[in-house]
Amino acid sequence: MMNFQSKKSGSVSKDRMIAKFMQLTATGEKTANFCLSVHGWKLDEACDYYFSNPEKYARDHKHQILVDRKKIQHLFDRYRDPSSDVISVDANHDGLLRFFQEIQLDVYSVHALIFSWRLGVAVQGQITREEFSNGLMALGCDSVDKLKTRVSQLDNDIRQPAKFKEFYGYTFNFAKDTGAKNLGIEDALRTWKVVLAGRFPLLDEWCTFVAQHDRRSITRDTWNLLLDFALTINSDLANYDDEGAWPILIDEFVDWLRPRLPATATSTTSSSMS
Numbered sequence: 005m006m007n008f009q010s011k012k013s014g015s016v017s018k019d020r021m022i023a024k025f026m027q028l029t030a031t032g033e034k035t036a037n038f039c040l041s042v043h044g045w046k047l048d049e050a051c052d053y054y055f056s057n058p059e060k061y062a063r064d065h066k067h068q069i070l071v072d073r074k075k076i077q078h079l080f081d082r083y084r085d086p087s088s089d090v091i092s093v094d095a096n097h098d099g100l101l102r103f104f105q106e107i108q109l110d111v112y113s114v115h116a117l118i119f120s121w122r123l124g125v126a127v128q129g130q131i132t133r134e135e136f137s138n139g140l141m142a143l144g145c146d147s148v149d150k151l152k153t154r155v156s157q158l159d160n161d162i163r164q165p166a167k168f169k170e171f172y173g174y175t176f177n178f179a180k181d182t183g184a185k186n187l188g189i190e191d192a193l194r195t196w197k198v199v200l201a202g203r204f205p206l207l208d209e210w211c212t213f214v215a216q217h218d219r220r221s222i223t224r225d226t227w228n229l230l231l232d233f234a235l236t237i238n239s240d241l242a243n244y245d246d247e248g249a250w251p252i253l254i255d256e257f258v259d260w261l262r263p264r265l266p267a268t269a270t271s272t273t274s275s276s277m278s
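In our numbering, the protein residues as written are 5 to 278.
Errors might be hidden in some of the hints.
Cross-link-like lysine-lysine pairs, in silico, DSS-like; alpha carbons within 27 Å at most [as the list claims (entries may be wrong)]:
id : residue 1 : residue 2
1  : LYS169    : LYS197
2  : LYS152    : LYS197
3  : LYS46     : LYS24
4  : LYS185    : LYS34
5  : LYS150    : LYS24
Pair by pair, the computed Cβ-Cβ distance ranges are [stated by the list, open to error]:
id : residue 1 : residue 2 : range
6  : ARG20     : GLN216    : 45 to 53 Å
7  : LEU207    : ASP259    : 45 to 53 Å
8  : THR182    : PRO263    : 53 to 61 Å
9  : LEU207    : ASP19     : 38 to 46 Å
Rather than coming from a laboratory, the hints here were simulated on the basis of the structure.
No residue lacks a Cβ here, since even glycine has one placed at the ideal position from N, Cα and C.
Could you build the full structure based on these sequences and the hints that come with them?
Now the structure itself:
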């Protein structure tokens, strides 16, 4: 009797996950069941992987993603610059801005960065025909309407920690000037405020500190390790290891911040170090 109840309970739980997956991804039952079973019935993980590669998981005929590359090419031509084979922001032709507006994508939002990452855009402010075509094929979109729906789901693409780390690493190259080794302070601050919002409790303090210090650029090492700092170090710095292999800028930030922490946080930090 207990075994029967256990199986029944498990079946109900799976049915709920299938229903939730279908709601989140706008897919059918076969696709939901297949994707969830592949990923051990972990809803978040299954959704993340589905959005990363929807064609791989589609199992329902009416929900299978049929993408027409010719439609994508026509869509690209609709926004591309008259004098070059790119979609860009230009004084005489604002194709990129028109494109973002029509697919309801805020150019200043984190979603614009996620979208650029998914397309593999190499240079900020322009999308090549190859990036556009291959990117939209991977997203399963060949029309403005499909893109509007997909854009509303972009948060799912970075829900998995490994995917967010990959995305965060991409933004360093995307934000820096072409050919530059490091990232300028203003570009770094602007990007951090968008990408790490809601993920780094000390983001405001970090940006204030960096803005006040006379540093001309941020290295890739500092950029990458800041994410580790943001995700692992408590806001009271209690678990910060002064002997750890952190970049100098982060060490200096900690030294700068400690006297500015509330007295309770400072005493907690001091007691944890003693």
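These are the hints, each one checked on the structure:
1. Annotation: proposed proximity of LYS169 to LYS197 holds, straight-line Cα distance about 16 Å (limit 27 Å).
2. Proximity of LYS152 to LYS197 is assessed by CA-CA distance (about 25 Å); at most 27 Å being required, the pair is judged to hold.
3. With a CA separation close to 12 Å, the supplied pair LYS46 and LYS24 stays within the 27 Å bound.
4. The straight-line distance between the Cα atoms of LYS185 and LYS34 is roughly 47 Å, outside the 27 Å bound, and the hint therefore fails.
5. Restraint check: the Cα-Cα separation between LYS150 and LYS24 comes to about 21 Å, which is no more than 27 Å; the hinted pair holds.
6. Distance hint check for ARG20 and GLN216: the Cβ-Cβ separation is about 51 Å, which falls inside the suggested range of 45 to 53 Å.
7. The hinted window of 45 to 53 Å between LEU207 and ASP259 is violated, with their beta carbons roughly 18 Å apart.
8. Checking the proposed 53 to 61 Å range against THR182 and PRO263 shows it is violated: the Cβ atoms sit about 40 Å from each other.
9. For the hinted restraint 38 to 46 Å between LEU207 and ASP19, the CB-CB distance of approximately 40 Å keeps it satisfied.
Hint compliance for this structure: hints 4, 7, 8 are broken, all remaining hints hold.
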